[in-house]
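A.B. asks: Residue strings, one per chain:
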Amino acid sequence: MMSEIVIHTENLTRRFGDFVAVKNISFDVKAGEIFGFLGANGAGKTTAMKILCGLLSPTSGVASVAGFDVYKENEQIKENIGYMSQKFSLYENLTVRENITFFGGIYGIDRKSLKIKSEELIQRLSLGSEADKLVGSLPLGWKQKISFSVAILHNPKVVFLDEPTGGVDPITRRQFWDMIYEASAKGITVFVTTHYMDEAEYCDRVSIMVDGAIAAMGKPSELKKQFEVDNMDGVFLQLARGAKRSE
Amino acid sequence: MKVFFAFVKKEFWHVIRDKRSLIILIGLPIVMMLLFGFALTSEVKNSNIAILDFSKDAATKTLVDRIDQSQYFTVNKYLHSENEIEGVFRKGEVRLVLIFPQNFENDLSKDKKKQVRLVADASDPNTANITINYASAIIRDYQNEVNENKKLPYAIEMETRMLYNPQLKSSYNFVPGVMTLIMMLLGAMMTSVSIVKEKEMGTMEILLVSPMKPIMVLISKAVPYMVLCFLDIILILLMAVYILDMPIQGSLVLLLAESLLFIITTLSLGLLISVNVNSQQVAMFISLVALLMPSLIFSGFMFPIENMPLPLQVMSNLIPTKWYYSIVKAIMVKGLAFEYVVKQTLILVAMTVFFLTVAIKKFKINLEV
Amino acid sequence: MSSISINNITKTYEKGKVLALDNISLEVKSGELFGLIGPDGAGKTTLFRILTTLLVADKGQATVAGLDVVKNLWDIRKIVGYMPGKFSLYQDLSIEENLNFFATVFNTTVEENFHLIEDIYVQIEPFKKRLAGKLSGGMKQKLALCCALIHQPKVLFLDEPTTGVDPVSRKEFWDMLDRLKERGITILVSTPYMDEASRCDRIALIQKGKILDIDTLENIISKNTQLLLAVKGEERFRLLNDIRAYEDTLTCFAFGEENHVVLKSGTEKVDFLSKYLADKKHKGVEIKPIEPNIEDTFIKLMLESENAQ
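Chains as they are written, first to last, in this note's numbering: chain A, 966 to 1212; chain B, 23 to 391; chain C, 23 to 331.
Calculated from the structure, these hints are not laboratory results. By construction, the Cβ of each residue, glycine as well, lies at the ideal position given by its N, Cα and C atoms. Treat the hints loosely; a few may be bogus.
[Stated by the list, open to error] Partial chain C-side listing against chain B, Cβ under 10 Å, derived: (1) T75; (2) K81; (3) G82; (4) I98; (5) M105; (6) L111; (7) D114; (8) N122; (9) E133; (10) F136; (11) M161; (12) A166; (13) A170; (14) I236; (15) T238; (16) L239.
[What the hints assert, rightly or not] Derived lysine-lysine pairs resembling BS3-like cross-links, with alpha carbons at most 25 Å apart: (17) C:K100 with A:K1108; (18) A:K988 with C:K176; (19) C:K51 with A:K1108; (20) C:K305 with A:K1151; (21) C:K176 with B:K24; (22) A:K1108 with C:K39; (23) A:K1189 with C:K310; (24) B:K383 with C:K93; (25) C:K254 with A:K1189; (26) A:K1015 with C:K156; (27) B:K386 with C:K302.
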């Protein structure tokens, strides 16, 4: 099961007029893998991720997510992925429970199992009475944990995380990564886009995009060895120095 | 002073670079003037009229011709029996039916009383009233001509004069109204939104942590909008005079001076809003709902205040637009001098002082809530 | 001589319901590059706003360059430079226009203090006609720094200047701060990134409105005498859970590919741990003692502070 390929791209390219946002990128991500998709602002991360989420069509190349083609089967892709971003995740003026019900409903979970799932989730996160508080009143770390749980509530094949753990304290951040590991152990593929290199260290494998192309790919330990540095920041600095374009 | 000019310059950049605010500033007055002037006019022009003529003589023919030639009516149907009247109204083909009795000319020349009947579609009462008035006026004129050489023994002559606006032009009503509304909208809304925008964008935070006095920030934000509002007043007046043929009867200088006062009133209202709210949306909402709506209702421009229940009449006194509207009408339409608008002017001054004082008192020199 | 002095500052929001700063005291020396390090919601921005006269503390006093933040409000506003956490320049004005405007607001001109911003400004000068809203994160940051510096402030307050910026721009930014420090400007900078602590002269670790420790990075870490083990294995998640379930484990947190483990018994019983993991059929297990880093130390101080409550 671990060898099943969930995200597949081959020479994927996206142009906006004369501008090539994504240039011939090719990679495979396996089921249950935590894949870090790194790059500076404007390197093409967001465009590539939009293509994989079925929100944008590529100009040329091949790409499939959860076995569905990004050109033709966008709707099926959307049903089989989860998405969480630090910028938008939950409605601040709804309670935790209402948020879970709402997002579960969007992903077509029927009411009966949604109720069970939502109680399970509230228990697992040991939210207790906080479950009926407005999300806006909760600390950032909790919001992140809840929104991740909501993103995988419908058991997607892939979950996309956009800079998920910026700004939280080291313990909360690790609790968050514990949840990601757990999801990955269950077979959910985790696709993390970020430019925080310390988040990259937690991934099974990372790719680093520079000027729309993938400049390096591999396990964090391998990359650090290859570039003779002791952290991912060092790897990134060496690769990004040669970058020509900034936003 | 240098700081002030830098601020004014910056403010103009904001306005010029934001297409939406440019459209509101220049487009809105033009569109409103044209809309009220040509599309939403309450004047009646070329109303369809049907004739039911039981006489068919020279007198009725002359009268029908006159009615048809007037700019107010177009005769588009001749009826043959009273049964048809309801049908044409139902179909909405005409607004008015004019019915001549038998032997009209004959009886008229013999000094016999003769009734001409006018039937109007009063589903729109205003228009019905106006069309009836126009038609009666034409008939009365004709009657006067015919009777010129004779003195009727029992004739009661009735004469109505429309003072200040003999042609019943609606521009006399709406130009002051549009001026009032535009000033309220631009003065209060644009100013409050532009100040709140600084709060929302976080630039207010930097301005506060500068040696610039907060009150200077407020004044520098308000002045560019004062200039823009004043330009709008001039634009509206130019359109009124040259496009809508509406003369300014009284003193232009006085009118402009009063307008400037009202601009300051609306700006101080804008400042008052901006010191109390923290988001552009709320500022916009308050300006539209709490200012524009009452202005529209209570200025006297759309609905006559005398017809309102007493509590609402009392309330209307609190709305600055009511006073400015009455000033503009007095100067522009009636050609009255300053002594006739002293009361309104003083009320506006008092309101402005009040708004400004509260705004300045409530203005915070830091981010405390 | 201290440039910033904070004595027992307490600040609450919503009529005392939310405690943002809890009896904080702190001294920043003149010419120092001082880092305030802690996660979002720790109270960093509140402290900055109190020091820049934007908020008034409930209790306690603070002075900046010897001036009281409440009584000498207007004098302070003349001598501090402030870069708020959110990008706070006019998005619809160009680089040049923003800079000129802020220079005028602070009663100066760009020419007068150009020497201060020159080496930062030359990096964004090629785009000086571009609107600020269209700049990349790194360039926005440089422009904001120029604007905060234009009136030659004595003390510079930078609230999370490197948040949301890529590593290259972050490194460049810290290099710029080093050069400003050489000019004698006192700099108080906040950041949620622990790794940036190494760029500061001294740091304060802050969490939930409380200061966990104030010292140089080296001293803070050297005070952490916990014996730390790095444990690596093939099945990362199972390994993490198994170590946590182990009776001798005090704490175990993931650190990238490794797990950082503190045993109740110190390092004496490492062999027992490796046997335990072997029994659980873990493959490729490597255990080695390591020196704690700033994040390990922050976690330790956080836990201690929570236990103390």
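A.B. asks: If a hint holds in the structure, say so; if it doesn't, say that too.
C.D. replies: Right, here's what the structure says about each hint:
1. T75: holds, 6 Å
2. K81: violated, 15 Å
3. G82: Because about 16 Å separates G82 (chain C) from the closest Cβ in chain B, which is outside the 10 Å limit, the hint is violated.
4. I98: At 8 Å from the nearest chain B Cβ, I98 (chain C) passes the 10 Å test, so the hint holds.
5. M105: This hint holds: M105 (chain C) lies near chain B, its Cβ roughly 8 Å from the closest one there, short of 10 Å.
6. L111: Nearest chain B Cβ about 7 Å off; hint holds.
7. D114: holds, 5 Å
8. N122: holds, 7 Å
9. E133: violated, 14 Å
10. F136: violated, 18 Å
11. M161: violated, 18 Å
12. A166: holds, 9 Å
13. A170: holds, 8 Å
14. I236: violated, 25 Å
15. T238: violated, 29 Å
16. L239: violated, 29 Å
17. C:K100 with A:K1108: Violated. K100 (chain C) to K1108 (chain A) sits at ~40 Å, over the 25 Å cutoff.
18. A:K988 with C:K176: Roughly 48 Å separates the two Cα atoms, so the pair is violated.
19. C:K51 with A:K1108: violated, 38 Å
20. C:K305 with A:K1151: Holds: K305 (chain C) and K1151 (chain A) sit about 20 Å apart, inside 25 Å.
21. C:K176 with B:K24: Holds, at about 24 Å.
22. A:K1108 with C:K39: Distance ~20 Å between K1108 (chain A) and K39 (chain C) Cα, so the pair holds.
23. A:K1189 with C:K310: Roughly 19 Å between the alpha carbons, so the hint for K1189 (chain A) and K310 (chain C) holds.
24. B:K383 with C:K93: holds, 19 Å
25. C:K254 with A:K1189: With a Cα-Cα distance of about 16 Å, the restraint between K254 (chain C) and K1189 (chain A) holds, given a limit of 25 Å.
26. A:K1015 with C:K156: Holds - the C-alpha atoms of K156 (chain C) and K1015 (chain A) are around 21 Å apart, at most 25 Å.
27. B:K386 with C:K302: Not OK: K386 (chain B) and K302 (chain C) at ~65 Å, beyond 25 Å, violated.
Hints 2, 3, 9, 10, 11, 14, 15, 16, 17, 18, 19, 27, counting from the list given before, are not met by this structure.
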